[in-house]
Amino acid sequence: MSGYRQTYDQWRADPQAFWAQAAREISWIKAPERIFDPEAGVYGRWFPDARVNACYNAVDRHVEAGLGDLPAIYYDSPVTATKRTITYGALLDETAALAAVLQDLGVVAGDRVLIYMPMIPEAVVAMLACARIGAIHSVVFGGFAAKELATRIDDAEPKVILTASCGIEPGRIVEYKPLLDLAIGLSKAKTQSVVVFQRPQIAARINPERDHDWKTLVEAAKAAGKRAPCADLAATDPLYILYTSGTTGVPKGVVRDIGGYIVALKWTMSAIYDVKPGEAYWSASDIGWVVGHSYIVYAPLLHGCTTVLYEGKPIGTPDAGAFWRVIEEYKVRAFFTAPTAFRAVRKEDPQAALLAKYDISSMHTLFLAGERADPDTVEWAEKVLGVPVVDHWWQTETGWAIAANPVGLGLLPIKPGSPTVPMPGYAVEIVDEACHPVPVGQMGSIVVKLPLPPGCLPTLYRQDERMRESYLKEFPGYYKTADAGTIDADGYLTILGRTDDIINVAGHRLSTGGMEEVVASHPDVAECAVLGIKDDIKGEQPCGFIVLKAGVTRPAAEIEREVVKLVRDKIGPVAAFKVALVVARLPKTRSGKILRGTMKKIADHDSWATPATIEDPKVLDEIKEALEARAV
Numbered sequence: 001m002s003g004y005r006q007t008y009d010q011w012r013a014d015p016q017a018f019w020a021q022a023a024r025e026i027s028w029i030k031a032p033e034r035i036f037d038p039e040a041g042v043y044g045r046w047f048p049d050a051r052v053n054a055c056y057n058a059v060d061r062h063v064e065a066g067l068g069d070l071p072a073i074y075y076d077s078p079v080t081a082t083k084r085t086i087t088y089g090a091l092l093d094e095t096a097a098l099a100a101v102l103q104d105l106g107v108v109a110g111d112r113v114l115i116y117m118p119m120i121p122e123a124v125v126a127m128l129a130c131a132r133i134g135a136i137h138s139v140v141f142g143g144f145a146a147k148e149l150a151t152r153i154d155d156a157e158p159k160v161i162l163t164a165s166c167g168i169e170p171g172r173i174v175e176y177k178p179l180l181d182l183a184i185g186l187s188k189a190k191t192q193s194v195v196v197f198q199r200p201q202i203a204a205r206i207n208p209e210r211d212h213d214w215k216t217l218v219e220a221a222k223a224a225g226k227r228a229p230c231a232d233l234a235a236t237d238p239l240y241i242l243y244t245s246g247t248t249g250v251p252k253g254v255v256r257d258i259g260g261y262i263v264a265l266k267w268t269m270s271a272i273y274d275v276k277p278g279e280a281y282w283s284a285s286d287i288g289w290v291v292g293h294s295y296i297v298y299a300p301l302l303h304g305c306t307t308v309l310y311e312g313k314p315i316g317t318p319d320a321g322a323f324w325r326v327i328e329e330y331k332v333r334a335f336f337t338a339p340t341a342f343r344a345v346r347k348e349d350p351q352a353a354l355l356a357k358y359d360i361s362s363m364h365t366l367f368l369a370g371e372r373a374d375p376d377t378v379e380w381a382e383k384v385l386g387v388p389v390v391d392h393w394w395q396t397e398t399g400w401a402i403a404a405n406p407v408g409l410g411l412l413p414i415k416p417g418s419p420t421v422p423m424p425g426y427a428v429e430i431v432d433e434a435c436h437p438v439p440v441g442q443m444g445s446i447v448v449k450l451p452l453p454p455g456c457l458p459t460l461y462r463q464d465e466r467m468r469e470s471y472l473k474e475f476p477g478y479y480k481t482a483d484a485g486t487i488d489a490d491g492y493l494t495i496l497g498r499t500d501d502i503i504n505v506a507g508h509r510l511s512t513g514g515m516e517e518v519v520a521s522h523p524d525v526a527e528c529a530v531l532g533i534k535d536d537i538k539g540e541q542p543c544g545f546i547v548l549k550a551g552v553t554r555p556a557a558e559i560e561r562e563v564v565k566l567v568r569d570k571i572g573p574v575a576a577f578k579v580a581l582v583v584a585r586l587p588k589t590r591s592g593k594i595l596r597g598t599m600k601k602i603a604d605h606d607s608w609a610t611p612a613t614i615e616d617p618k619v620l621d622e623i624k625e626a627l628e629a630r631a632v
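Heads up: the sequence shown begins at 1 in the UniProt record's numbering, then just goes up one per residue.
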């Protein structure tokens, strides 16, 4: 642990000196003289006197360094059979032109611009164009339901909305404009202008009083020689607002400031991901989620890498070899995806037979995040890929990893099921309800001692008091992660689930994450979810939902009995694990998170609504039918 320990100790000894050193990797308009102001904001602010521009650091400075011909984006869209390579020079030209268009539409620094787009290069250009002129962008996942989109429009009050005519899903086209028009109609905040990128698959209807054609405006700006320069912005100015996926009612808009964010992300690319400028880096996520913001757009471009923008799925576009094809084609060095994606690949191709068709020798590490990486999936991936599989843990609120295995500082021994160790900037502790430290290895609430490091949220958009209530009040002096877990004698963290996933069975506090780990170890199980459901006697009892691997033909009832026995053998009768249900699939968000909360409401016969973030609403009906069939 020498490389990591030396770096972490260096941060602990002098946090301000540590981040001042990291800040030297950034091109500042005015370099910071003060590194941290503990009196500013909700819990302090990083680089309070500095001036900077995120777009300049992500694009312009590479072109100025003579790297204009280096690929910035590899766009790969199996759903439209389209591929494009966009150089840093071309990205600069498109970004500066769109930024000029936004200025012509009256957008100035501090205005909000909402981006409602699919995974196409224009979405990246839209984000960078906002960053270029100091507009605060808020990306909402394309295809998001109109009612929830309206709440975000009301909260952000965007002057302009940038959208596309449609998104492409396997087997269907999702029209965005009707959803957006309905959302604008539902919202109280009235947007002045909508700019529509027309995709060839379908044309959106244009409202001549409000809407504009993207290509027409951008081409006119180019013809007139209009290119917006990079604005001189405070490092503490907001770069973007990102609404948390669990938001209901008044949304929680996570604010990301410019200076702290780009300093932290630039540091992670070498220290955590061990990639070099000029190499290809691929995060198989979506913009609209924090992984997309941080590791599809900003971090790779800040580092001078080529980022892969993938409009497709891990399976079905066309098969479970899609990941391997992309890695081979673009010589991807580091690959980052969600555990659920690998579970889907494994379910379709348990022996990884499709992998033999491709040369993925360029890839040195697989990184997993987004939800807990069960040991079985980690071990399978390591076996078939022959590279380290690094689980790391972070949140929308933090913007980058709280805990990771820092490959660039020297790979630490991997403990499947653990995201390894806290990163510099994060003083992580495990505490009980009274905020007292718990013994090593004992489960408790995971908290981070304030201040949070650069890159984490300074506040919620226009909601400082809600920021305090949601994250800082319950454990004074700490940030509440709302995750439960343990730290072992080696300092390794294990995340056992959200604190509301800790169930109370006849007075015993049990982790559903721990049970899932056991269930997933069954050789026929591709993925699973365990949740606590109401029980009149015990308070709660665990219920397991199981998806089988492709090709498993044994009776479901037989496998269910084996899984129940496995949990009782490994955890003991105290778990009271008696119900396991084989289902065809689990309900998930578009980012791959299992909708455990909604599943619990269905099982408890409580009222429930289809979450706006769900990938396929039909799965919830399948879960309901499975529960009713077993009278659960």
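Where hints are given, some of them may not hold.
The calculated lysine-lysine pairs, modelled on BS3-like cross-linking and capped at a C-alpha distance of 30 Å, are [stated by the list, open to error]:
(1) LYS383 x LYS215
(2) LYS415 x LYS578
(3) LYS83 x LYS593
(4) LYS347 x LYS357
(5) LYS601 x LYS147
(6) LYS215 x LYS83
Taking CB as the label site, the calculated pair distances span [said to hold, decoys possible]:
(7) THR244 x VAL108: 24 to 30 Å
(8) ARG12 x ASN207: 52 to 58 Å
(9) ILE206 x SER362: 18 to 24 Å
(10) ALA65 x VAL108: 27 to 33 Å
(11) GLN351 x GLU562: 18 to 24 Å
Just so you know, these hints were derived from the structure itself, not from any lab. Computed from a predicted structure; not experimentally measured. Where a beta carbon is used, it is the ideal one built from N, C-alpha and C, also for glycine.
Hint check:
1. Annotation: proposed proximity of LYS383 to LYS215 is violated, straight-line Cα distance about 47 Å (limit 30 Å).
2. A hinted pair counts as satisfied when its Cα atoms are at most 30 Å apart, and LYS415 with LYS578 qualifies at roughly 29 Å.
3. Restraint check: the Cα-Cα separation between LYS83 and LYS593 comes to about 28 Å, which is no more than 30 Å; the hinted pair holds.
4. A hinted pair counts as satisfied when its Cα atoms are at most 30 Å apart, and LYS347 with LYS357 qualifies at roughly 18 Å.
5. Note on LYS601 and LYS147: the hinted pairing holds, with a Cα-Cα distance of about 21 Å set against a maximum of 30 Å.
6. The suggested pairing of LYS215 with LYS83 holds, with an alpha-carbon distance near 19 Å, which does not exceed 30 Å.
7. Against the hinted window of 24 to 30 Å, the Cβ-Cβ separation of THR244 and VAL108 comes to about 27 Å, which satisfies the hint.
8. The hinted range of 52 to 58 Å is satisfied by ARG12 and ASN207, whose Cβ atoms lie roughly 56 Å apart.
9. In this structure the supplied range 18 to 24 Å is violated for ILE206 paired with SER362, their Cβ-Cβ distance being about 44 Å.
10. Checking the proposed 27 to 33 Å range against ALA65 and VAL108 shows it holds: the Cβ atoms sit about 29 Å from each other.
11. Checked against the hint of 18 to 24 Å, the C-beta distance between GLN351 and GLU562 comes to roughly 21 Å, which is consistent with it.
Hints 1 and 9, counting from the list given before, are not met by this structure.
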